[in-house]
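*Asks:* From first to last, the protein sequence lines stand for chains D, W, Y and S. Residue 107 in this note's numbering sits at position 107 of the first sequence; the count goes up by one each step and never skips. Residue 273 in this note's numbering sits at position 273 of the second sequence; the count goes up by one each step and never skips. Residue 121 in this note's numbering sits at position 121 of the third sequence; the count goes up by one each step and never skips. Residue 365 in this note's numbering sits at position 365 of the fourth sequence; the count goes up by one each step and never skips.
One should not assume that every hint holds.
A pair counts as met if it fits within one copy or between any two copies, since identical chains are not told apart.
Unchecked claim - No farther apart than 25 angstroms at their CA atoms in a straight line, the calculated lysine-lysine pairs in the BS3-like style are these: (1) K5 / K201; (2) K406 / K326; (3) K201 / K148; (4) K231 / K201; (5) K75 / K16; (6) K224 / K201; (7) K16 / K406; (8) K224 / K75; (9) K5 / K406.
The hints are simulated quantities; they were obtained by calculation from the structure and are not laboratory data.
Number of protein chains: 4
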Amino acid sequence: MNKRKIINDPVYGFIKVPFDLLYDIIEHPYFQRLRRIKQLGLTHLVYPGAMHTRFQHALGAMHLMSSAVDVLRSKDQSITDVESEAVHAAILLHDIGHGPFSHVLENSLVNGISHEEISLIFMEKLNKEFNGRLEIAISIFKNTYPKKFLHQLVSSQLDMDRLDYLKRDSFFTGVTEGVIGSDRIIKMLDIDNDRLVVESKGIYSIEKFLIARRLMYWQVYLHKTALAAEKMLIHIMQRARELISNGETLFGPPNLLYFLSQQTTVSNFKTENHTLDFFALLDDDDIMSSIKIWTLHSDIILSTLAKGVINRQLCRIELGKEPIDKNRQEAFKEKVLKHYHLNNLEEAAYFVFSDTISNTAYNTKDERINIKYGTGQILDISAASDMLNLTILDKTIEKYYLCYPKSISF
Amino acid sequence: MNKRKIINDPVYGFIKVPFDLLYDIIEHPYFQRLRRIKQLGLTHLVYPGAMHTRFQHALGAMHLMSSAVDVLRSKDQSITDVESEAVHAAILLHDIGHGPFSHVLENSLVNGISHEEISLIFMEKLNKEFNGRLEIAISIFKNTYPKKFLHQLVSSQLDMDRLDYLKRDSFFTGVTEGVIGSDRIIKMLDIDNDRLVVESKGIYSIEKFLIARRLMYWQVYLHKTALAAEKMLIHIMQRARELISNGETLFGPPNLLYFLSQQTTVSNFKTENHTLDFFALLDDDDIMSSIKIWTLHSDIILSTLAKGVINRQLCRIELGKEPIDKNRQEAFKEKVLKHYHLNNLEEAAYFVFSDTISNTAYNTKDERINIKYGTGQILDISAASDMLNLTILDKTIEKYYLCYPKSISF
Amino acid sequence: MNKRKIINDPVYGFIKVPFDLLYDIIEHPYFQRLRRIKQLGLTHLVYPGAMHTRFQHALGAMHLMSSAVDVLRSKDQSITDVESEAVHAAILLHDIGHGPFSHVLENSLVNGISHEEISLIFMEKLNKEFNGRLEIAISIFKNTYPKKFLHQLVSSQLDMDRLDYLKRDSFFTGVTEGVIGSDRIIKMLDIDNDRLVVESKGIYSIEKFLIARRLMYWQVYLHKTALAAEKMLIHIMQRARELISNGETLFGPPNLLYFLSQQTTVSNFKTENHTLDFFALLDDDDIMSSIKIWTLHSDIILSTLAKGVINRQLCRIELGKEPIDKNRQEAFKEKVLKHYHLNNLEEAAYFVFSDTISNTAYNTKDERINIKYGTGQILDISAASDMLNLTILDKTIEKYYLCYPKSISF
Amino acid sequence: MNKRKIINDPVYGFIKVPFDLLYDIIEHPYFQRLRRIKQLGLTHLVYPGAMHTRFQHALGAMHLMSSAVDVLRSKDQSITDVESEAVHAAILLHDIGHGPFSHVLENSLVNGISHEEISLIFMEKLNKEFNGRLEIAISIFKNTYPKKFLHQLVSSQLDMDRLDYLKRDSFFTGVTEGVIGSDRIIKMLDIDNDRLVVESKGIYSIEKFLIARRLMYWQVYLHKTALAAEKMLIHIMQRARELISNGETLFGPPNLLYFLSQQTTVSNFKTENHTLDFFALLDDDDIMSSIKIWTLHSDIILSTLAKGVINRQLCRIELGKEPIDKNRQEAFKEKVLKHYHLNNLEEAAYFVFSDTISNTAYNTKDERINIKYGTGQILDISAASDMLNLTILDKTIEKYYLCYPKSISF
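Between the sequences and the hints, there should be enough to build the whole structure, so can you do that?
*Replies:* Structure (structure tokens):
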């Protein structure tokens with residue numbers, strides 16, 4: 001069979017699918033589903049260009065993996081063809097477990113299962129379908145494969161996942177300052193003692209990468225308006241679940257209603273076939289199509305929040321370095337209680353809420369980014385760089401936010 | 001009120017919203033709905049980057065309009081502030097009447113109404129809400145405003161619509177060869193006798209624009225695989241309508257079922273308020289969410305086609321310069337009839353079908369692209385260019401295609 | 001020896017030098033000299049970005065050659081490693097014979113020798129130095145190597161030379177409309193019967209390439225202001241030669257004065273070692289440094305023209321489709337004669353002159369661009385394209401120009 | 001007179017010349033001379049794309065000035081048309097005093113005069129020619145104009161000079177990681193108490209700008225190979241000066257020999273007209289054309305160094321955080337002394353030398369980059385940023401280097 005092997009990509013130009021197995025994975029409905037899951041959830045409400053999907057990201061990360069394998073082989077590091085296929089498959093599938101709006105609803109539809117765990121469940125299902133051809137890919141993904149650096153290419157502080165998403169997200173949001181030199185970084189990769197390392201002349205690129213990543217966090221991933229939208233979407237799901245448990249009927253496709261009508265845990269996925277089947281049918285479109293109808297629902301909480309997300313009438317969000325004034329928050333709740341004729345302050349909490357967000361530029365507790373010198377010496381980036389200061393880089397920056405309807409602001 | 005006026009755009013960097021009225025239009029739910037309508041229908045099944053929406057396009061066209069107004073004013077052409085606001089509003093709203101998947105379903109959900117007519121209905125509704133502030137915008141859109149060149153900026157062979165969509169579509173598909181020099185073309189615009197003209201030194205840019213447009217047609221807009229997907233989607237809607245009229249129950253949001261259960265014509269829009277209301281709730285998400293459930297339907301035609309679109313298992317399409325061999329087509333239908341155990345050849349026609357597609361690079365029957373020389377002479381581009389040949393440019397290129405399931409191919 | 005093998009390039013990002021031999025060629029003083037020869041002569045007087053050099057272009061063309069070899073091999077076309085090295089060397093050296101300002105002074109410093117002939121002389125000299133390792137490269141360059149398609153990659157209507165220079169020149173001039181999809185074109189290359197062919201789905205890219213090439217000709221390569229500057233530079237050289245032959249002393253480095261003091265023909269290059277040595281020392285810098293001093297010379301013709309080029313006080317140039325009015329030209333000469341107190345009309349011809357320029361988009365007398373269909377059929381692009389018309393494409397467009405000092409214009 | 005007002009630029013697309021005065025400045029031979037001075041000296045020996053000139057940079061900085069003036073006016077800051085013209089003229093002329101290879105030869109050809117002082121001498125000369133129309137521009141440049149923020153736009157830690165050169169240099173070197181969001185930074189500019197400030201939401205862009213600037217320093221401006229080349233060029237000039245003072249004859253244009261035959265100080269510029277005249281004739285081309293002939297000179301020091309720069313046979317350079325081992329350096333000198341049969345160790349010092357280079361990311365002793373909050377509070381970037389640490393940012397990073405011929409390395 002003649003398999004189309006070149007895919008156009010606005011970020012890299014052309015993406016080549018280097019193995020038939022990868023092509024078969026891409027063609028599978030599980031993978032096609034990623035076309036309907038936006039990479040950045042509701043961020044497009046702030047950056048209209050950010051409509052790109054997990055599908056594009058997975059292909060992009062696979063493309064970078066090809067470069068990385070080429071570079072490492074050119075430095076006489078051994079990667080067999082079987083390992084190359086496997087590490088490509090692992091990166092292609094690393095996000096297959098994402099649900100609607102990626103991270104946004106990660107804990108709203110299912111309970112206590114991360115998207116990585118669901119990815120693994122999908123991979124094991126696919127492995128059966130593909131007669132065990134994903135065995136090594138799975139062991140790389142789980143980091144049980146002997147050559148540890150292969151796992152690092154899939155998941156570490158300098159993996160192909162990050163190198164693609166930073167570049168891609170800055171491309172589609174138009175936040176050009178987030179653009180990283182993924183090409184240059186990959187060209188500087190090497191292996192030392194089964195660990196991924198970066199040649200010392202790549203040190204400025206790594207500094208830049210860490211700073212760009214941080215910039216993208218504050219400017220895009222934790223953008224306060226997108227955050228407001230995403231919290232509202234989570235509250236919509238919570239309210240819908242509450243109404244359903246109270247016996248109300250909500251419009252929605254059966255696959256969505258399935259997850260809203262019960263608590264789904266990892267054991268459901270493992271013991272019932274239909275849980276994974278339903279999950280595999282679920283994507284952004286179901287959420288949007290349903291909450292659009294919910295804008296007409298008689299429940300004022302559900303319909304108000306749904307209108308907010310659909311029509312981009314978002315709540316106001318205050319973000320700062322100081323903890324939220326709880327008295328002020330309670331006063332807002334009282335106002336909301338009256339404004340919407342709610343029953344109690346618990347209901348008001350759907351509209352008025354606070355929490356913290358945080359980001360760490362470089363986590364020293366994770367695997368380090370190692371810099372390799374001509375002398376053979378290996379230093380952690382935070383020691384190698386004369387700019388970046390470990391104590392600062394490693395510090396978790398925490399911010400506090402308070403969200404409330406614009407209509408009730410003083 | 002402090003209105004956010006700068007929007008990030010991956011194509012142009014920043015887009016400024018130059019009038020408060022425009023900001024109010026953008027905030028309106030009618031306009032926000034365009035966020036959920038992909039500019040290029042199902043083209044993303046071929047070019048995964050093509051997830052961009054009518055929302056982004058409308059903002060982009062507005063951005064180019066600002067440049068055009070600046071350029072024309074710098075050449076001492078009179079455009080008042082009121083006219084500037086109006087022509088910006090007109091371009092912003094020119095596509096507001098698009099339904100799900102833009103052109104794809106244009107004749108599947110409503111009958112005998114173009115998206116331009118629906119745009120006008122929306123504009124008139126908005127005009128009431130905005131207390132008549134869209135009066136001039138509407139007259140420009142309808143070409144009843146005295147300064148005819150303003151309409152040309154909104155709708156002509158060199159309007160801001162085309163200048164944006166060619167650039168944007170080539171950007172997001174990654175087909176870089178379609179990139180046009182919209183900046184340069186706009187810089188060359190002028191007015192002569194109330195007509196838009198292009199300064200003669202812009203002639204090569206116009207040639208390039210016409211060639212790029214043609215390239216985009218054959219490489220993107222009429223790409224055979226995307227065409228197959230779109231025809232399948234149309235057939236899905238036809239089958240759904242047929243099943244509903246036969247009394248079958250289909251899952252779907254009420255807004256979608258409304259349009260599938262009846263023939264909606266222009267008179268419905270004009271006489272019944274709820275028709276426009278329902279239409280304003282309808283977008284890509286409803287279609288996708290519904291047909292995903294239809295993949296499980298007992299009707300083999302509906303479920304097979306739905307699976308095809310959802311899982312990208314598209315029918316084979318042959319495209320060529322020769323008319324389709326009707327005997328071969330009939331033989332395919334017979335095979336399909338047997339393969340799917342259908343009732344008759346009419347049903348087989350859901351899977352096996354043929355038609356023509358065509359494109360004209362430059363339509364001499366439309367308003368011409370006029371080139372203005374230093375001497376004051378005005379020539380049509382086809383006369384001014386020593387490269388482009390009127391008889392070729394004006395020729396409608398017609399191609400024939402035949403679609404059939406891959407499973408039945410010999 | 002550890003050879004640096006990656007070079008940064010603003011057009012392609014990174015350029016890899018795939019063979020040690022190529023690295024040694026690049027390091028050679030003959031090749032380093034190309035750093036001092038601008039790719040586009042004096043075009044930077046119109047497009048200030050166009051400071052790029054033959055050095056950059058040669059590396060870029062080598063980079064595309066790597067892609068082309070990869071693509072052809074992936075289609076099971078046989079190219080041995082030795083052949084790959086040779087075809088890379090051939091493209092790297094194809095322009096090594098260019099003199100100052102590339103094409104501009106091609107017939108001013110030496111007589112009756114094209115830059116290709118000088119390239120060959122350089123290659124043969126280098127071949128001796130490299131102990132015959134350039135033997136195959138030279139035979140590919142001269143088209144005496146059995147596999148003819150290798151020569152086509154170096155020199156044909158779709159060679160790596162053109163694919164690089166169109167892309168590079170449009171990049172540095174900022175004429176973005178000239179950008180071609182060299183990536184896509186290369187991906188579509190194949191070999192049929194020892195000829196380079198393009199797969200049929202690449203047809204629109206080829207159309208676009210031909211149109212972009214034509215646009216670059218009229219907008220950049222034959223830009224009338226750059227043309228005026230280049231003609232003035234040629235006249236400066238002619239006047240300098242005339243003054244020297246009359247016994248006047250001119251400032252200049254000995255290598256330049258050598259070529260201005262005599263007629264250098266191919267036999268000088270072949271019989272005298274120092275001719276090539278002197279030529280190898282000559283570049284743009286010598287011309288500019290010398291004519292800057294000539295701005296102070298007592299000869300009014302030399303100093304006026306030199307000031308013109310140095311200070312960008314260029315003569316006026318009229319360009320059109322009609323032949324020049326000889327009476328008007330003679331009247332201009334009379335005016336110039338008086339204005340500058342010249343001795344005769346021959347001297348006035350240094351300031352007032354006319355000629356023609358021409359361009360052919362696609363030369364059917366050259367080797368054709370062949371399109372290969374899935375059926376195996378091969379068609380010339382002019383037959384394969386439904387847009388491009390042979391009779392038009394093949395037509396040589398001729399334009400007439402008249403140049404004269406701005407000071408004497410009526 | 002009809003003045004061409006749009007210039008193509010590969011970085012920004014189009015550059016508009018907003019005032020006739022600016023056009024007249026650009027046309028002046030003093031300004032045209034900047035076409036022959038490369039922005040980055042000999043950096044193109046490492047990054048072949050870096051052929052761009054001071055001419056392009058000055059136009060680019062002027063272009064950004066237009067944006068800055070527009071932005072500030074849109075925020076109701078008062079800038080009169082006269083002031084706008086003046087601040088544009090000031091930025092256009094800020095680098096007019098640069099000599100050959102920009103900073104490289106700044107202290108080799110003239111003594112104790114910075115390029116800024118020479119810029120001022122040029123401006124005053126031009127001011128006379130333009131009948132005092134540069135009066136305000138000069139007072140802005142000298143920071144004697146009452147509105148101090150205008151000077152800051154021309155010269156400060158966030159001036160249009162830096163915003164252009166970082167973007168431009170990263171563009172032409174191909175070091176894409178140095179790309180800064182100059183657009184976004186300019187959009188965030190405002191004035192507070194006659195000081196330039198940045199709106200607080202621009203804080204991440206400023207962080208990124210400081211990091212990108214630092215990256216460009218270490219990766220480009222202080223690249224060790226370019227540094228080696230530049231030091232060699234300086235040594236060539238020193239040796240030439242020494243030989244001339246010893247009565248030897250060197251080839252060279254009179255303008256270059258003038259500066260090599262004497263010590264030129266600021267008083268020469270002020271008291272003798274011909275000093276400025278000669279300087280205005282001097283550029284990169286004179287240096288390159290002359291040292292190319294010097295490659296043939298009998299002085300082994302001069303010819304060896306000249307060959308090194310011309311043919312890119314550069315000395316080896318070791319760069320590190322540790323001071324140079326003086327014994328090792330002396331041993332190298334002894335080896336060189338023997339290798340080249342030199343007369344003494346002073347001569348060996350032409351080939352073997354060491355020094356330090358340093359860079360400060362953000363100089364707290366200079367005018368600060370001020371961040372303005374919605375509350376009206378103004379904070380220095382180092383206080384406002386939770387990432388950047390004053391004690392680190394402000395620290396001057398010093399590195400030590402040792403240069404010596406490759407031929408003598410152990």
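*Asks:* If a hint holds in the structure, say so; if it does not, say that too.
*Replies:* These are the hints, each one checked on the structure:
For the identical chains of this complex, K5 and K201 are inter-copy neighbours only, at 14 angstroms across copies versus 34 angstroms inside a copy, given an alpha-carbon limit of 25 angstroms. In this assembly of identical chains, K406 and K326 lie within 25 angstroms of each other by CA distance solely inside one copy; the values are 18 angstroms within and 63 angstroms between copies. When the C-alpha separation of K201 and K148 is checked against a cutoff of 25 angstroms, the pair qualifies only within one copy, where the shortest distance is 24 angstroms, while the shortest distance between copies is 41 angstroms. In the homo-oligomer, the alpha carbons of K231 and K201 lie at most 25 angstroms apart only across protomers (22 angstroms), although the nearest pairing inside one protomer, at 42 angstroms, exceeds that limit.
Taking the shortest alpha-carbon separations for K75 and K16, both the intra-copy value of 22 angstroms and the inter-copy value of 14 angstroms come in at or below 25 angstroms. For a Cα distance limit of 25 angstroms, the shortest separation of K224 from K201 across copies, 12 angstroms, qualifies, whereas the shortest one inside one copy, 37 angstroms, does not. In the homo-oligomer, the alpha carbons of K16 and K406 lie at most 25 angstroms apart only across protomers (24 angstroms), although the nearest pairing inside one protomer, at 48 angstroms, exceeds that limit. For a Cα distance limit of 25 angstroms, the shortest separation of K224 from K75 across copies, 24 angstroms, qualifies, whereas the shortest one inside one copy, 44 angstroms, does not.
For the identical chains of this complex, K5 and K406 are inter-copy neighbours only, at 19 angstroms across copies versus 50 angstroms inside a copy, given an alpha-carbon limit of 25 angstroms.
Of the numbered hints stated above, none is contradicted by the structure.
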